[in-house]
Amino acid sequence: MARHTLSVLVEDVPGTLTRVAGLFARRAFNIDSLAVGPTEVPGLSRMTVVVDAEGDLLEQVTKQLNKLVNVIKIVELAPESSVQRDHVLIKVKADAATRLQVTQAADFFRARVVDVSPDAVVLEATGSSDKIEALLAVLEPFGVREIVKAGALAIGRGHKSMSERALRPVSA
Amino acid sequence: MGQAPNATPSTVARAVSKPNPAAPQAGLPVPGLGRVVEPTEMKGSAAIIRSLEELGVKDVFGLPGGAILPTYDPLMASETINHVLVRHEQGAGHAAQGYAMVTGEVGVCIATSGPGATNLVTAIADAHMDSVPMVAITGQVNSAFIGTDAFQEADIVGITMPITKHSFLVTKGEDIPRVLAQAFYLAGTGRPGPVLVDITKDAQEKPTEFSWPPVMDLPGYRPVTKGHAKQVREAAKLLTASLRPVIYAGGGVQKAHASRELMAFAEATGAPVVTTLTARGVFPDSHEQHVGMPGMHGAVSAVAALQQSDLVIALGARFDDRVTGVLASFAPDAKIIHADIDPAEISKNRTADVPIVGSLDEVLPDLTAEFSRRKAEGLAPDLGAWWENLNRLRETYPMGYTPSTDGALTPQHVIQRLGELTGPEAVYVAGVGQHQMWASQFIKYERPHQWLNSAGLGTMGYAVPAAMGAKVGNPDRVVWAIDGDGCFQMTNQELATCVINKIPIKVALINNSSLGMVRQWQTLFYDGRYSNTELNTGADSIRVPDFVKMADAYGCVGLRVEREEDMDAAIQQALEINDRPVIIDFIVSKDAMVWPMVPAGVPNDAIQIARGMTPEWNEED
Ligand SMILES: Cc1ncc(C[n+]2csc(CCOP(=O)(O)OP(=O)(O)O)c2C)c(N)n1
Ligand SMILES: [Mg+2]
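Just so you know, the protein sequences line up as chains Y and L, in that order. Just so you know, the working numbering puts 91 at position 73 of the first sequence, and the rest follows in order with no gaps. Just so you know, the working numbering puts 208 at position 192 of the second sequence, and the rest follows in order with no gaps.
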């Protein structure tokens, strides 16, 4: 199945996340990742949902999401017309002997060292999921102790904003 | 806000309502009577009742308890709201459904927190499956106690999330008018459904300022009612190219009140019409274009019309598995036009070639006009061969039954006579099981809202309380509950409600002494091993309970019919009693079966008209 990134503008009211998550569970849709946070408009939150679905199923997912009263707008962000970023914290074994190799590998992927202890470093990296995968592959031989990943974030390219016109009054 | 320009807060508890002089408020149109109430100090509980009054609510069904107690006090004082005290909250829920189905208004039920609220769950799920407009109001524990497992606390918003159209938790009195207005708007517009409003006890008890109308905005809710012109043209094009069209009318026609529009469309196109279990009556059974109910227990002609069609026009229908059988083999040669107010129904089960999102009362006239325009250009084909085929099937395989041979009554005959003697102006409400299918098959439905049943959820126990609600909504109509001996024992306590509140429903008990529909499956698929389906209520049993005595104990009239020759007289007698409920205990054969039947898991072409017998699809040469 193919991964699709949906950006979902929702009302920031209690229960919205439960409704969205519950819908996915109930309709047997698979979520790869989910990120939620406030937007430039007070009262509106944006969810970035990466789903594993294709064709008719993807259409059902968006239609069912749209039926939720607190969901205001949904767009699918195609990879070519959007920027998509994963964000990860990685704890890698690193002692005096290997620390330099680890930080050099991190540099290569523009990952930052955010904590150093005698036998480990914590790296922070952002980027496409491919880049993060590659970084993890490089770090693997040193000993990856912990990975904490946030849901993918995505935004459309260009000047347009998803919240524009989202609150236009109902004419019907 | 919604007050007149020079409004000053009034100190009187009950402000006077005035006709609304102003233009509509910003935001969405607030449902109800359209009056204005200036800001008035009152308790949250009074604001609930006042909101319901302004929303135009006349009848509500409920049962009080601790967390909703504050609201029952001003309810007692309301001059316009009639509260019917039920004996079980499930009854309140189904009564609200029955009321909504016959009136077209939003039905209202009220319960307390915890067990009161959970007792509503079945009815809420039922309303959700069958798209019934309903608002359920529940009390909730004090907002400070939420999440502490307080006495009678249940997370009813969480419990009902998957079975409501939407839900609200109200913790502040000031939100009450807006939330209730939104709840009614959501329940009654678009694809109707149940909305839950859970209100904490402190929100009911604390003083608040009430004014009407509230400003109400639902930025994420915009049902589309007008069909897209291009799609309508596409649909008309397919129609004028079709030699074997069939109109597949579903419950959405009922909900859109679009029977008249359906009639015009059907007559313009000349296409056969099938009406699903939720659509019985939206197109008259007596009309020559009606070819029956489709599906698992449908008419051969209706099943064939869909299976052999080259164009299915689905109207407010959802390709439910009880209609399609094995989906992959359903109407294999047909293109699909699918019109529905809920975009998510379109292409959910069967991909539509022409999707039309809209309300059927608006879509159908557009479609009729567009079709007629093309017809006038001579584009409409002749459906003669199609009708010849369907007429042959309809004549060869009419709905029928074989009389019982065990000395007990033939249930199909009982139901048929009931319909014939009562007529189409009555309302018929069924339970779930064999008697439900027979009631859908052997009563003539001629008008919308004449037939109520629990279709999507299949809730045993629906009939008595739903009939009660229907009778409250339509007091001038005869209301028959056609119930099974199993179903009846799930909710018959509402007979007390009916007697005490003078709601004279009539109950026809199709007493086969068993969970008949389950027994039928045991006969057919489990070698006749009758595991736990004998109820001991009927023929050759100890008859527990004795339904006639039970009727008597409740203050109803109880009659029993065991012989064919007493049937008509008993029905007539029941029709003449209008001051209290009547229960007729019809002792019927337990071996009668519902035919036709499409066994589960096979294509609809394998429909059996009797055990092991399939129709001849083609004319023999
Ligand atoms: C609440 C509930 N429990 C169980 C079922 C499963 N079920 C469907 S029909 C049926 C038998 C109903 O018996 P009765 O009311 O006597 O009707 P009959 O089929 O005999 O006409 C049962 C148990 C159901 N639909 N609803
Ligand atoms: Mg029975």
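Please keep in mind that the hints were generated in silico from the structure rather than gathered at the bench. Every residue, glycine too, gets a C-beta built ideally from N, C-alpha and C. Please note that the accuracy of each hint is not assured.
Some chain Y residues flagged as far from chain L (calculated, every beta-carbon gap over 12 Å) [claimed, not checked]:
#1 LYS109
#2 ASP113
#3 GLN122
Label-pair ranges, simulated between beta-carbon atoms [as the list claims (entries may be wrong)]:
#4 Y:ALA43 to L:ALA257: 39 to 45 Å
#5 Y:THR36 to L:LEU540: 56 to 62 Å
#6 L:ASP165 to Y:PRO60: 31 to 37 Å
#7 Y:ARG21 to L:ARG493: 55 to 61 Å
#8 Y:ASP50 to L:VAL240: 28 to 34 Å
#9 Y:GLU158 to L:VAL231: 55 to 61 Å
#10 Y:ARG175 to L:ASN365: 33 to 39 Å
#11 Y:ASP50 to L:VAL618: 34 to 40 Å
Evaluated hints:
With a minimum CB-CB distance of about 34 Å to chain L, Y:LYS109 clears the 12 Å threshold, and the non-interface call stands. With a least beta-carbon separation of about 47 Å from chain L, Y:ASP113 lies farther than 12 Å from that chain, consistent with its non-interface assignment. In this structure Y:GLN122 is separated from chain L by more than 12 Å, as the shortest Cβ-Cβ distance comes to about 49 Å. As the Cβ distance of Y:ALA43 to L:ALA257 is approximately 43 Å, the hint placing it in 39 to 45 Å holds.
A hinted range of 56 to 62 Å for the beta carbons of Y:THR36 and L:LEU540 is inconsistent with their spacing of about 43 Å. About 34 Å separates the C-beta atoms of L:ASP165 and Y:PRO60, a value consistent with the hinted range of 31 to 37 Å. A hinted range of 55 to 61 Å holds for the C-beta pair Y:ARG21 and L:ARG493, which are about 56 Å apart. Checked against the hint of 28 to 34 Å, the pair Y:ASP50 and L:VAL240 passes, with Cβ atoms roughly 31 Å apart.
Checking the proposed 55 to 61 Å range against Y:GLU158 and L:VAL231 shows it holds: the Cβ atoms sit about 58 Å from each other. Distance hint check for Y:ARG175 and L:ASN365: the Cβ-Cβ separation is about 37 Å, which falls inside the suggested range of 33 to 39 Å. Taken as a hint, the range 34 to 40 Å holds for the pair Y:ASP50 and L:VAL618, whose Cβ atoms sit roughly 38 Å apart.
Against the hints set out earlier in the document, a violation occurs for number 5 only.
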